[in-house]
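A.B. asks: Kindly produce the complete structure, drawing on both the sequences and the hints.
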Amino acid sequence: SGQMSFWGATVITNLLSAIPYLGHDLVQWVWGGFAVDNATLTRFFTFHFILPFIVLAMTMIHLMFLHETGSNNP
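Sequential numbering from 998 applies to the sequence shown in the numbering used here.
There is no bait here: all hints are sound.
What follows is a list of derived Cβ distance ranges for each label pair: (1) 1065 <-> 1022: 37 to 43 Å; (2) 1059 <-> 1018: 28 to 34 Å; (3) 1041 <-> 1067: 38 to 44 Å; (4) 1008 <-> 1057: 30 to 36 Å; (5) 1067 <-> 998: 47 to 53 Å; (6) 1057 <-> 1026: 28 to 34 Å.
Keep in mind that the hints were calculated from the coordinates and are not lab data.
Since this is a predicted model, take the numbers as computed values, not measurements.
Every residue gets a Cβ at the ideal spot worked out from N, C-alpha and C, and that includes glycine.
C.D. replies: So this is what it looks like as structure tokens:
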């Protein structure tokens, strides 16, 4: 299962390299180096931990704006 996770992370992050001009630099930034390694695992773990809090904050901000302006159907 570890090999499958490694190759899955490699393939998915390499999709970012299709972005013109900054794709390869973006891939190296996501990896934390020149290949999928411990730094990549740490970044993925951090992202998966922080993401729900970001979604919750954005949802609360969205609801705040809805209540501030009044939510009416057209």
